[in-house]
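Student: One-letter residues, chain by chain:
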Amino acid sequence: MQIILNGKPIEINDCSKACDLGDYDIFVRNGYGIDSKSQLCDGDSIVAVKKGQMPNEDNLKQMLFARNGQVFLEKLDKACVCICGLGGLGSNIAAMLARAGVGKLILVDFDIVDPTNLNRQNYFVQDIGLKKTFATQRLLKQINPFINTVTYDMYLNSENCVEIVNNADIVVEAFDNPICKAELVNTILESTDKIVVAASGMAGIGSGNTIKTSKVLNRLYLCGDSETETKEGVSLVSPRVNICAGHQANTVIRILLGETEC
Amino acid sequence: MIKINGELKNLDSISLMEYLNNYGYNVKVVAVELNGKIVKKSDFENTCLHDGDSVEIVSFVGGG
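Protein chains in written order, with numbering that gives the first Met the number 0: chain A, 0 to 261; chain B, 0 to 63.
Same shape as in the complex, but just chain B:
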């Protein structure tokens, strides 16, 4: 089980980039923390999500 934004999800082995793409996130407007640590955008591709991981994804919309 992987916790994503506080919700437990049953996911097969998946990279962070795949998760974001599969679940409709625009990679250009997100900030992601994995187990409390910010993940660099250049590491999205090679960061694998594992059982027990906790992921927080923040997505920005325009306006200000």
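Only chain A is shown next, with the shape it has when bound in the complex:
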């Protein structure tokens, strides 16, 4: 029978088990890790990994996304998502989408990394003083060297945002300031036919269960609890910001895979 092993078709004996494929430690079939004694079937696509060994570039891509599943890889690889703002939300969303295998990310932020960012944003001490676009791009390449990124080190507003998001399938609003959030969302919804995934209400240490995703307008998905704003005494803390970022990233992936309901 024939199977695909690490992207290449091979002939194997009927009744072969995963361990018969060679000296590997990890076997993944259809996004699921299978036991080395698992029976293989004709047409299986198997990603097999030898622990402790750096794979060649061809195999690396297969292995990076093995646990996502093949459907993921094909659909997300063609997608382009624009992330507007690389703070607590955007820097974490970018990393999640890179791990999921989104092919292209447009990254927009005007700011540089400062020490007060590190409590929730996906940066490191070594990034302090760097442009957030640069630091995020560098991190993404370490997560997924196959990702295509375009960066814009600029302040996005109603005058320039339409041109920047032009090539994206989905726009992620990941700003901090509520007036900027509304301005971006309004402009994109008014002037393009794109879907926007925005966030509102993720400050404080309230229950993570109050953060949810809703389809609030025809082309607008909103993640958050809709009310907990940051102010003196109500800080932005990593877990809740990350829960919200996770909602946004998950919504983006669901839409790209054709799941448009929340």
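Honestly, the hints are just simulated from the structure, not real lab data. Just so it is clear, the structure is predicted and the values come from calculations on it, not from any experiment. Be aware that one or more of the hints could be misleading.
Stated by the list, open to error - Heads up, simulated BS3-like pairs for lysine-lysine below, C-alpha to C-alpha not over 30 Å straight-line:
1. A:K230 x B:K39
2. A:K49 x A:K130
3. A:K130 x A:K60
4. A:K60 x A:K74
5. B:K27 x A:K230
6. B:K2 x A:K214
7. A:K211 x B:K27
8. A:K214 x B:K36
9. B:K8 x B:K39
10. A:K214 x B:K8
11. B:K40 x A:K214
12. A:K230 x B:K40
Could you slot chain B onto chain A? The hints should help.
Tutor: Using the frame of chain A, we list chain B on its own:
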């Protein structure tokens, strides 16, 4: 009757801008859809809400 965020309301003839101001919305942080279509902020003043209209108002708070 006008449906606002899924809730039926009995309102006298009112502009969108008046509604938002009367009901405590900060116009700078909202996005509004009238009968499924996004309303430009510059049109809030001259957009009148009529019987049977359906309005969705989204308000943003800070943090990210």
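Student: Below or equal to 30 Å on CA atoms is what counts here, so check A:K214 against B:K8.
Tutor: holds, 22 Å
Student: Regarding the pair A:K49 and A:K130, is the alpha-carbon distance no greater than 30 Å?
Tutor: Answer violated: A:K49 to A:K130 is near 37 Å, above 30 Å.
Student: For the pair supplied as a hint, B:K40 and A:K214, confirm whether the alpha-carbon distance does not exceed 30 Å.
Tutor: holds, 21 Å
Student: Starting from B:K2, check that the Cα of A:K214 is at most 30 Å away, please.
Tutor: The given pair, whose Cα atoms are some 17 Å apart, holds under the 30 Å limit.
Student: Measure nothing beyond the straight line between the CA atoms of A:K211 and B:K27; if it is 30 Å or shorter, mark the hint as holding.
Tutor: Holds, at roughly 24 Å.
Student: Would the hint linking A:K230 and B:K40 be met if the CA-CA limit is 30 Å?
Tutor: Roughly 26 Å between the alpha carbons, so the hint for A:K230 and B:K40 holds.
Student: Measure nothing beyond the straight line between the CA atoms of A:K130 and A:K60; if it is 30 Å or shorter, mark the hint as holding.
Tutor: holds, 28 Å
Student: For the pair we were handed, B:K27 and A:K230, check the Cα-Cα distance against 30 Å.
Tutor: Holds, at about 18 Å.
Student: Hinted pair, alpha-carbon criterion (30 Å max): A:K230, B:K39. Please report holds or violated.
Tutor: holds, 29 Å
Student: Please work out if B:K8 and B:K39 have their alpha carbons no farther apart than 30 Å.
Tutor: Holds - the C-alpha atoms of B:K39 and B:K8 are around 23 Å apart, at most 30 Å.
Student: Do the alpha carbons of A:K214 and B:K36 lie within 30 Å of each other, as the hint requires?
Tutor: holds, 14 Å
Student: Are A:K60 and A:K74 close enough, with their CA atoms no more than 30 Å apart?
Tutor: holds, 15 Å
Hint 2 from the list above is the single one not met by this structure.
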